[in-house]
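Student: Sequence:
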Amino acid sequence: MNVAKKIIKFWDIYYGWIIVAISLVSMSFWLGIRSSFSVFYVVLLEDFQWNRGGSAGVQSMALITYTILSPLVGGLIDRFGPRRVIIPGIFVLVLGLTMNATVETLAQFYLFYGVIMGSGITCIGIVSYSIILSHWFEKKRGLASGIAVSGMGLGTFVLVPVSQYFISIWGWRVTFILLGCLTLVILLPLNGLFLRHKPEDVGQFIDGLRSEIPINETCPECIEKINNQSNWSIGKAFCSATFWALMAFCFFSIIGIYVILVHNVRFLVDLGIDKMTAALIFAVVGAISSVFRIFWGWLSDRIGREITYTAGMMFACIGVVFLMLTEWTGTRGFIYAFSFFFGVGWGVTAPMIMSTAADLFQGKAFGLIYGLVEGGIGVAGALGAWVAGVIFDKYQSYQWAFILTIIVFIISCFFIWLAAPRKTHLPN
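Numbering (the numbering used here), first residue to last: 13 to 440.
No lab work stands behind these hints: they were computed from the structure.
Please note that a few of the clues may not be correct.
Here are the computed lysine to any residue pairs in the SDA-like style, where the Cα-Cα straight-line distance is at most 25 Å [said to hold, decoys possible]: (1) 210 with 90; (2) 18 with 127; (3) 17 with 37; (4) 17 with 205; (5) 287 with 352; (6) 376 with 194; (7) 435 with 425; (8) 376 with 287; (9) 287 with 340.
Please build the complete structure, drawing on both the sequences and the hints.
Tutor: Next up, the structure:
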C-alpha cells in the first residue's frame, strides 16, 4: 500500500486536504522566494550601484520566464502528471538560488535569477497546484484554493524577514545558498512522497464523494457545464470572449500587485525606515493576506466570485492610498493602515484567479489553458515591476506608480464581471 493510501486508511480523511496542505507549503516557497527579491534588491543596489529600472528588470526577467514556461508546465502536467514536472523544477530552482550567490554583474543576475531560478520556480507555483486542485474540488473550490494560496502570504511573512535577517548576519550571497538548502530539504520529500494528481489515483472521488455523481446533479445549468467541460480546447478558448475577459481581469490585477510587491520595501527605506523594519512591515502584509485568502475563498463559494473580488479590490485601493499619504504627510502611522488594507485586498487575488479559471474552463485542457492565463500574469508582473522602477527613475517618486496601481485594480474589477464565473458556478 502506498503512502497516500496509508494516510487515508489511518486518518479516514479525504486526501484532497492533504493536497491542499502540500500546495500551501509549496506556494509559501514560491511567493516567499519571489517576494524576498525586495530585500535583495535593496542590498544589491547598494553593493553594485545599479539603477532601479535595470535592477527591477531582473524580477521582470523572472516573470517573463514564468510567462513562457507556464503554458508548457500546464501542458506537461496534463500529460505526465505533476510529480514528473515539479520534482525536476525543485532541482532547477535550487541550482538557480545557489548560482545567485556568485553574481558579479547585472547580466549574470538576469541569467541566474531571471532565467534559471525563474524556470525552476515556475514549477512550484500557482500554475501547477491550481491544475492539481481543480481535479480534487468542485463544491468547495473557493475554500480549498483560499487555504492553498494562503501559503503565499505565509511565505512572505516568513521568508522576507528571514532573508533580511540572514543578509544582515551573513550577507546576501550566503542567504541565497541557505534559501536553496531550505527549498531542497522541505519541498523535495513533501512533493516526492505525498503529491497525487487526481482523486482516482488514491481510490477516491472529487470532493470526497462516495460515488462518481456530479455534486450539482439537480442543477440543470451545472449539468450542462459539466457536459461541456471536456469540449474546451485551446482553439475554442481563444475564440471565446470569456477567455479574454479572464486574461484581462488577471492581467490588470497583477500589474498593480507587482508595483507594490517589488518596490514597497525600497519605498519605505527611502522614507528613512530601517531595512529590517521595512521587511517586517512587508511580512505583516503577507500574514494578513494569508488569513484573508482563506476568508475570500470561503466567501466566494457563498456569494460569488465577482462580488468577492470587487470588495477585496476596494480594500487594496484604500491600502495604496494610505501608502501615498505616508509620503505626502510624513505620518508613519499610515504605514500600519497600508499594511492592513493592502494585505486584506491582496488576499483576494490568487483564490479568485484560481477559482474563476477553474469555474470557466475546467476540463481536459484546463492545464494548458490555465498555463496561458498564468503566462499573461507573468507578463503583467514583469510590466508592473519594471514600469514602477522606470517611473521612479524619471520622477524620483513612486506616486505616479501608486496612482497607476489604483487605476488597474479598478479596471480588473470590470473584467471579472465580464468573465462572469457566476454563470457556471452557483454559490452554495
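Student: Which of the listed hints are broken here?
Tutor: Failing hints, ascending: 2, 6, 8.
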